[in-house]
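Asker: Below, each chain spelled out in residue letters.
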Amino acid sequence: MKTTILPTQSERNAQPGASSESIPAHWVALEQNSQAQTGRNYWRSLEELEGTPEFREWVEREFPAGASELSDPVNRRHFMKLMSASFMLAGIGLGTSGCRRPVQNLEPFGKMPENYVHGVPQFFATAMPTQTGAVPLVAKSSDGRPTKLEGNGLLNPDKKSGTDCYAQASILNLYDPDRTRQFAYKGNNTTAEKALEFLGELGKNAEKNQGQGLAFLIERGTSPSRLRLQKIISDKLPQARWFVHDPVDLDIHRRAATAAFGKSLKPFYAFDEADIIVSLDSDFIGSEDDATSNIVGFAKRRQVEKTDDKLNRLYVAESLMTITGFNADHRLRVPSSQVAQVAAGLANQIGKTGISCLENLAQAQGLDAKWIAECARDLAANPGRSLVLAGHRQPMAVHLLANAMNAALGNVGKTVLLLETPPSKEGTIADLAQALTGNQVSTLVILGGNPAYTAPADVDFARAVRKNDKITVVRLGYYEDETFPISDWHLPAAHYLESWGDALTADGTLVPVQPLIAPLFGGLTELEVLARIAGQKITDPYAIVRETFAGTLKGADAEAAWRKFLHDGFLANSAPKGVQARIDTAAIGKALGEIKVATPSKDKLEVVFHRDYKLDDGRFNNNGWMQELPDPVTKITWDNVILISRKTSEDLGVTNRELVTLELNGASVTGPIWVQPGQADNSVGVALGYGRTKPGRVGNKVGFNVYPLRKAAAANFATGATIRGTGKSYKISCTQNHWSLEGRNIVRETNLEEFRKKPDFAKHMVEKEPEGAGPLYPNPLDDLKKKGLHQWGMSIDLNKCVGCSACVLACQSENNIPIVGKEMVGRGREMHWLRIDRYYAGPGKMTHFPRENSEDKKTFESWIDNPQTVMQPMLCQHCEAAPCENVCPVNATSHDQEGLNVMTYNRCVGTRYCSNNCPYKVRRFNFFDYNKRPIDKLKLGPFATRRDDEWDLLKMSKNPDVTVRMRGVMEKCTFCLQRIEQAKIAQKTKAGASGDVIVPTDSFTTACAQACPADAIVFGNIKDPDSRVSKLKQLERDYSVLEFLLTKPRLTYLARVRNPNPAMPDYQAEPYTFQDYENRERKSGGEEPETPSHEKNGKKGEA
Amino acid sequence: MAAGATTTSHVVPGIPANVPQPPEELQRVPLVANYHGFAWISDRVASLTEGPAPIWWWVCFIPSFLALCMLGAMLTYQISTGVGVWGNMKPVMWAWDIVNFVWWIGIGHAGTLISAILFLLRQRWRTAVNRAAEAMTIFAVMCAGIYPALHVGRAWYDWWLFPIPTSNSIWPQFRSPLMWDVFAVSTYFTVSVLFWYMGLIPDLAVFRDRAKSRVRQFLYGLGALGWTGSNRHWSNYEKAYLLLAGLSTPLVLSVHSIVSLDFAVSQLPGWHTTIFPPYFVAGAIFSGFGMVLTLLIPLRSMFKLQDIITMRHIDIMCKVTLATGSIVGYAYGMEFFIAWYSGNPAERFHFLNRALGPYQWGWIMMVSCNVLVPQFFWFKKLRQNLLVVFIISILVNVGMWFERFVIIVIGLHRDFIPSSWGYYRPTFVDICTYIGTFGLFFTCFLLFIRFLPMIAISEVKGVTPQSDPHHPMGGAKKVEVVPDED
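For the protein sequence lines, the chains are X and F, in the order given.
The letter at position 828 of the first sequence is residue 827 when you use numbering that gives the first Met the number 0, and the numbering goes up by one with no holes.
The letter at position 116 of the second sequence is residue 115 when you use numbering that gives the first Met the number 0, and the numbering goes up by one with no holes.
Only chain F is shown next, with the shape it has when bound in the complex (with noise of 0.2 Å):
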């Protein structure tokens, strides 16, 4: 495997004049195309970060901001005049907030889902995808926190749920899903950094070694630990690396699973049902690689980074989201045949309620975006269709926000007593804060992209027909060049 920065600035990526064929077992479509050569990989994907900033980029950038500065503000009137000012009221006395919650986090999900599960399941597509879908994962775990953290009466206490029994001799109450959840999501978020870190780690390396300013370089001196690229670095790396895949793994399953648990454990129709955890995760990767395609379709034409990002990369993540959503179907349609089987006249009003009550119309979002949407995704034709993909994408999370509205709302606004039913509405406070951390997300992500390699530098490089030995192109062999146009 190469090591990191080898490149100068003035060699021009180019594709090789005549490519020898692979033996017939390597004939697959590469996962990076037009056979670029290593410098080509650093110098594309580090060239992103350097020099001025595009102008669409600050198109975006000053708009999510702003919606940052937003949300910042929506939270301090929040705080200091209570949980009032949004919707919230008796029966429904969660909605945006722990929908917010819970779709974030289940946004959350793809990134380490992709660097951990499909790195132990030897998937070498996920190089292309992995680093922009951690750093997704992060700062979805960002906005996500926000919520549990601040939706509560009295933030300023926050830190009574954490196990810190000197400090007014009273344990966590362990027996709450809520307790399991702080666990459940800081110990995601942890680890999920700390791979991310991890992985930038060489890439950092890279970015070092290529800059021009004192403050560059010391910045990426100080990310990439002294990393120099030598065997021994690259073996405990990888040791390393295996291992925090090995330690996320289960965490991706666990999140969501206990997040579901916030619903499973309690006694409410359409709430107390086996079947949440695993249909949560499900939901959760479903959405995860939704927001991925959302982010990847439009930043590989900006970032001209087709020959990385790949056609055949979104054609596996549209498969993936057929999976999950058809898994999210199943779910949909069992809960019913459930209600019906159970015999629970609670719980079967819960899902005529859901069907036919006053909030039809998120029942009726809910199942086309997530189930019949995503059933586009059965014809290639329409996998290659970047436009088509885009929309999908955007409307199977618009369809998994439905999703946890139906499940909050719903299940709360009509249940035992009818005298205590209600219909709620959210305030523009609500509203605003939601989209406030939109804010924070696109910040963090367009800081992120502008900042650090949004692809794995290295672990593309070790994709490519080259890195493999046993390929023509591979090993040291020569190979003629002929220069790119640009």
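If we strip away everything but chain X, and leave its shape as in the complex, we get (with noise of 0.2 Å):
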């Protein structure tokens, strides 16, 4: 190829009395230049080194097509260079991607790792810390990555492992692109050296006047580690200050129990153990740490496989409609301000407790009497195997009272076990701004949170740190929060499965928190800048909690208990006993007479600052799965809303979704009401951690902030506000806005006497079916069964299901479940693949259309403020005969023989038919591109691209298993087929030529069901009549949703049994959705009386 840019070589040569001085000097300057670049020359013979045009000619002679390049400056590859280069300028005028190649590290191994087999995931153990204690996780790795994060199994072999929403949804905090990736110092980017050297200098300057003017502003934790080398810096700098500040005080329990018993103890339930749970205010389902085992514990005695089986009985007394709540056998809607009398009310009736005085406080108005007393009999009635708990924003007096209560139960040491803690001396973030204002503070080291955002109104933190120049912040921080533009010095934190550590669980167990990577953007732990502040020498943190370890085992061997410290991911044995106390009964005394109770009304409102479950306090903001995670109770999304009752928002003259303005001491919020069914009259719920003014990418603009309501002194609730409305309506996503069961029997439920005369009720409650419907045709799937070796089904427990939506977390981090964003969750296009339902009930008579301000209206509204409720996780239910499948024009649904109803992605085109014929509504349409863009863009298609930093970090989380599906496709669950298919390829290469290709039973189960803490879910062979699938399946209480249609699914359900007390005033024979669904049969019974179809089908339900 000839270019006409500049003559070739030959072209020169060939120009008459061409010589060298006639070449231009910068063509020669060219030619020596592209010599110089191609490096070390070789040549053929000595006429091509001197280039005699002789050899020229030969050369051309012999290869005539590509000759002339051989010495040409502008060769066709040079061309082609200059070609592709001016292509992509061209490409960044017209805005293409073409100059945004990213930059792409190709690392294979030097050495391939011992028992390293590329593509096959490893796990690792290590932990997730919290405020109190630590979620033992099992980490998968692929490829070097971390991708999913399930419960460690190991710790407790007789218990079930779940895992909580938080955990789940912490590993996405990893790839969050919005992380903080750079040191900086007054808001510039500088180099980790720097920062690292400033650390040890601030440590040297310390120590000169032992710490004067040091104060540290840390988080809870469990970390030993962190303790450790707090009490080296405390030894070695006696002047410096220790303040601790978390949003949400869960300490609280740990402080209760050391006063009441005198001893710096903590308490840990042990919910399996208990008969009669009484909760006051408490949320130990949800919101209260430490959830999961809590849930383990309370689950466990939900189980009822015979009739004489017992159950545990939760009463419950609270403000907010809480999961807990949900799971009571009889809630008391009360104000959390009047919780203390509910408290003193069962004090007072259990006698026994030694305290005076509480008659006083006991005599509450409007509270309902009987429902105390005869909740405290059967209290009374079951000592040593009851519990009494005070939830965390209940304040001291009413945890001291649940202390003394287990005292006099004898609680202590069987349900409520007391475990030595070390004593916490810190200050609050209070006094640390009292501090600052002070000027006692010259240098103030913020390990972790954002207290610019979360710190109490009145402490206005912000200011106080920036009110005088002199003082250095020096901040560890996860991101370019609120609190960054406060502090000088900026590090970047490290996630935790990024960083070395260790921690306590709930019981004391000591586990490891193992890193999974190097830190992607090279973060520092806690313990690397204490250890840097203390001038300690080791400053790794892997070291540092190598050398707490050593400690903390005295004289074994060191290196084999290290090594299986790390594989089983927790210290046997480490657990302390839990140790025996007298309560001290004056100080509980003393602590009741400065109790004040206040009695909200409609213009003196009780506002509760309530944690969120989704976001925390506000430190999943930016996590889209939380964000986009259907709040257990009201199922709203990407929003926080001012919860309040049907009655009081009737009194205030406020409807559901108007903004209205709370007001609270003269600061004022304004966010969308949301009227909660079973919410307490004249109490207000607002969740933390919404309305951040420096979000990321995901929680930009979503919700409102009501920190600045929040004072020091009323950090939990507070008395005294008032909402104003403003006629305005605010969009709410919410996934299930219809919430009664309209008395079908989807839900089946009973009470636990009723189930003991009938335990197959729920095979009773089955909708009529027109005689002689059958399938016409025989079910290709009965055939094709006999070639199955295995048959995949799943058993979900109604009775064991709390709701907590762990599931919901792990399937969505399972299978590459994309979030969509608020507008196409309002529009009813939400992804998940499992969600739950959740459904309330009342004594209303149904009626399906009210008209407004009918009577039924009224009747029908008014039960819903003291609802009874239930939760169903539904997902693809693998019908045998699967309405989805024979509607497909293309087979991209269809059956296996091993009886999963497995989709084909590549084959789908997206008519959509198959989930218009659903009658379970569970499959999901790819309506956008939901991986490809960014869920703001989503309408501008090609358009809209995902910068590079996203999307190399979104593809990183993605579980590399699972198909990550592009727009016009469905999906649905698939049983984790992955995870089937990984445990068959795995038996077969184990069973060789032995045959023996049945995976063993039980040996691995599906995400959700692996996440469950609950054990309500249960995945595995039902063609094995050893799994615990099969087992459940044979209960009298397993029922199919919808049987009617003759769909056979392969997941039942086993309905769900109630143990209220027939002495509470609030008892029901029957649950109300029983009621319900007898009213609806009687009802359509009543126009054709004397059915006898509906008599025969009964008797079929029957045989």
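These are calculated hints, taken from the structure and not from any lab test.
Being a predicted model, the structure only gives us computed values, none of them experimental.
Honestly, I wouldn't trust all of these hints.
As the list claims (entries may be wrong) - What follows is a set of in silico ranges between Cβ atoms, one per label pair, in the way DEER data are often shown:
#: 1; chain 1: F; residue 1: Y76; chain 2: X; residue 2: N467; range: 55 to 63 Å
#: 2; chain 1: F; residue 1: W155; chain 2: X; residue 2: K727; range: 38 to 46 Å
#: 3; chain 1: X; residue 1: G726; chain 2: F; residue 2: I54; range: 48 to 56 Å
#: 4; chain 1: X; residue 1: P941; chain 2: F; residue 2: L371; range: 46 to 54 Å
#: 5; chain 1: X; residue 1: P777; chain 2: F; residue 2: Y76; range: 43 to 51 Å
#: 6; chain 1: X; residue 1: S728; chain 2: F; residue 2: L371; range: 29 to 37 Å
#: 7; chain 1: X; residue 1: L1045; chain 2: F; residue 2: F336; range: 22 to 30 Å
#: 8; chain 1: X; residue 1: Y904; chain 2: F; residue 2: L371; range: 44 to 52 Å
#: 9; chain 1: F; residue 1: L246; chain 2: X; residue 2: T944; range: 46 to 54 Å
#: 10; chain 1: X; residue 1: Y904; chain 2: F; residue 2: P162; range: 17 to 25 Å
#: 11; chain 1: F; residue 1: Y76; chain 2: X; residue 2: A711; range: 47 to 55 Å
For every residue, glycine included, the Cβ atom is placed at its ideal position computed from N, Cα and C.
Since each chain sits alone in its own frame, please combine them into the complex, following the hints.
Answerer: Given below as structure tokens:
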């Protein structure tokens, strides 16, 4: 190829009279340059070296096609280079992605690590540290990056080990593109070396005056290594001061136990030992710390297999509707500020507490005395087998009363274990602010948290810090958030999956926090920062943790123990034994004297600040999975709301979804109203963690911030608020708008007594089906089944499911389920393969279509005040006669011989007919390219692209075993087909020639079942009579949803059994849903009196 | 029967001066009023496409064409961005897309019904309206076809719905009603186009013979396939026409029956009903006649075709509308009765929800437009009032649109599991796409009336009194002609 840009060498040579002088100088330079760039030259002959015309001529004759390029500086390759460069430049002009090719580093193993097989995931034990404990985990590592977290089953082999939502979602934080990536000094990027050098100097300078003026602000934690470093620093710098700040104060349980028993103790609740549980505003299933192990214990006692099985009984007195309230057998709706009276009433009735002056407090107005009396009687009847809990939002007095009751009932040492714990002497953030304003602090080290956002409003932390320019603020933070602008030094924090650490679980077992990956952006850990300030030689977190571990373990074979510790993910028998202690009644009596009980009214509303089920105190604000997870109670996504009862909303004249101004002590916030069934009257619930001013891309413009209303003295609830309607409506994306079962038999439940009389009640709650109804043709699966080695099935125990939603997130994490954003959820396009349906039921007679202001509507509404709640995880039922399959025109959804309804994404064209024909509505359609496009630009189609950094991290977070679906295809639960196949392949490999290819019984399970702490979801091979799922399906409570459609689901449910106390005033002989169902049956029977077919069908059900 | 084009342009169409009384058995209102001659008919119809287009044509054409462009833009947006630009959601996975598909395909029923079934039944009045109705059918099916082809998530794989086993060794799923739809609609469209074109051939020859420009002559000549009007041509033509009519007749009934199976085969309450096939066909004819009336009432006055499309034609079509509308009304009643009689709670709930639920307005629109409004056609006076007929014909189609909306959206939005219930709302893209299909329809239709004979010239001649040899005016008798005023 010749170009006309420059004459070629041969042309130049061919020019008559051409001499070296006639060649422009830059050509020569070019020529030399091109030679210089290609490095060492080799030549074939001396002629070539000389470059004689004869040689060139010879070459051209021999290779006529490309000969001229041999020495031409502007050759074909060069031309291509130039042209591609100019095309790339043109690409920039067109704004295409041509110029934004990401830098990709391919780093193959120089040497293959031992036992590593590419593509086969590895599992490592680790733990997620929480404020007062840790969640022991096993992390799945796919080619060097963590992709999924599971509970550590080794820890409690006899118990189920699940995880909670926070642990499941925490893995996404690791891949958050908005994480801070740079060390910064005064807002400008700096290097890690400078920052680390500064830390060292900071320690040295502090040593000069024994740490005078040095202050630390930390979050609660259980790390022994941190405690050790804290001690080292305190020894070295005795004047340094420590403060601790957690917006949600879960430490109160420890403080209460310490105060009640006069020793430094913290309680641990053995739920599996308790027959009667009374929760005083304690959401131990949801927002209390260590909810996972609470659920494990609680659900274990909701197991009913035989009619003589004993169930625990849960009484709840609370203001907000919580998931604990959902699971209550008896629930008392009472404002948070009056829970103290309930506690006093209970304590008074129980007696034996040795506390005087209860009478006055117990004489509460408007409280259901009979409820309290009967509840107390039930407690007293079960000494040593009962448990009284106070919630973290309740004041100290209520906690002390709960402790007193437990002591009086003889529960201490049985259901309440008191564990010795090191005392905590740190100050609060209010103390810190005082010290700051008093110029007592010159250097402030903030480790974690986001105090500028979460500090109480009256503390005004940001102003206190910035009041004095001389204060140097060093901050270890995960985001460049609200605290970033007030910090001088910003150090990026490492995720717990990137860093070494240790922690204690709620029962005191030592667990390692083992990293799965090197810090993605070079973040530091608390331990390293503290070690550097302490001037330690060892600053490597790994070494610090090992050193702490060596100190814990005395005399044993340290190396082997350490290896076992890391392998198992816990140190066996490291949990302390419970101690006995005597209750200090005098201290309790004194605390009770100080309690002030306010009675909220509609002009003086009570505001309850609650920990969000999803965002916690705001730390999960930029986590898309959490934002999109339907709140377990309200089913709202991407927003917080002002929770209010129906009666209060009527009193105030505000309507659902109306934007209102909530004013408390001069401060006000604006948010939407949500009328919440079961909410206490005159009590308003607001969730923390929303309305951030410096959020990331995900948390941007989500919800409203309630921290400005929150004062240090009344951080959990405060009375005296008013609500003013604005008349404007606000869009809320709620995933479940209809909350009545309409008398349908989808969720079946009864009471324990009825269950004992009629254990197969669920099988009688069937819809009438026309006589002779049945399939016209034999089901092809019936033949196919014979070929299947396994038959997969699932059983969900509605009696155990507490509705915590960990399964929803586990499924999302395992199956690469995208998030779709608020607007799409509002349009009903959320992608969760597994959802938790929640229905309310009440005593009112159902009318389907109440007219506005009609009597019907009023009854209909009034019963929602004290509803009963049921929850039902709903996912693909894997029907044997699946209605979705025969309507797909392209065979994209079909059945395999093992009974799975499989979905072939590649084949799907997206007619969506399958979803229309799915009676369970569990199929999800990719309306947009949710993976490729940012959620706020979905509608821009091909014009919207993700930024490279976001894209790279997004890709890392995906499970490589599961297809990432494109737009236009249907998707749904696959029963974790990838796990099934992995198990089958593993077994085949193991079987070799033996032919024993049947997967061992219950050797693996689905992501949802694995995450479920309640053990409500059980998956397995129903062909194997020994599998747990086969046994569960044999239980009499087993039923399938919509069986009258003859879909024959492989997923069946175990009906729920409530355990109410017949002596209670709110006792119902049958649950409301059952009454509703019977009413409906009677109603349809009334139109056709004495329907014989109904009877027949009933008998058919029995047969 | 007279041959194609024999008149020349300078002959003035006229009315016979003295019309002899026909024998008693032939004394009925002639289908072509005012005893026009053959030449007048050819001239009247052909002249519509000759000379410059009237202003009203441009006034209609430009917005139609712009709407067509909007359709293109909307579909490009939808295909490039995703189905999410429409309002479809869970649980209402089908919404305006399928509503409009069924609506358009229903409209597409009248044409072939008129041309095939009425032909076989020797309903001679059909000749005046069949050509336009058939054209309407074809364009309506085109509009309809857009939706199932492009409403899917990955429209570029639509070809997987065709049974081409060699492409990827997978057959389509023959148990799926959508599969049957593919066959039913494509067959219907093909046969309708063939049938329509067959009928056009003699008339294209007329146009060819009248053409003054080479281009017209060539193009119409191409379409006329060398038609000379010989006896042999006529004989073959009539045989073929009869055969095609016979072939089309079952298709008229099958297409909408199969479309109805999309719903009836599913297990959804309100969809899973055996009444659907006949009820859908009746509804389709109902809406098809409504659309024919909507189109022809303005056209006959704009094009001065009152003598060819007479009040008698309109009267008959009104009666058909009334009859089919009443069948539809009966079906509505029967659905409610069966829901109650079956004792199936899901079915009962669905029908209560139809009448009393959040989409009650849709149900009220449906019942009032489809059942109540056509009852005005019991009165001859109203059938003769063109304004009334025109308004009712539009309301019929509004009602039929709501019928599909009621069935599809109300059926889907509340089914078995209350937690999944939802409320569907369309987006502007839904609305613009729907308006865009009108653009396609009217663009095609306006081009049709501008360039093709919108009245079957040869057939209309066949139903004039003078083409009947027994009629006093028929045969080769001489009739004195008085020249017209114009």
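Asker: Any hints from earlier that this structure breaks? Give me their numbers in increasing order, please.
Answerer: As far as the earlier hints go, not one is violated by this structure.
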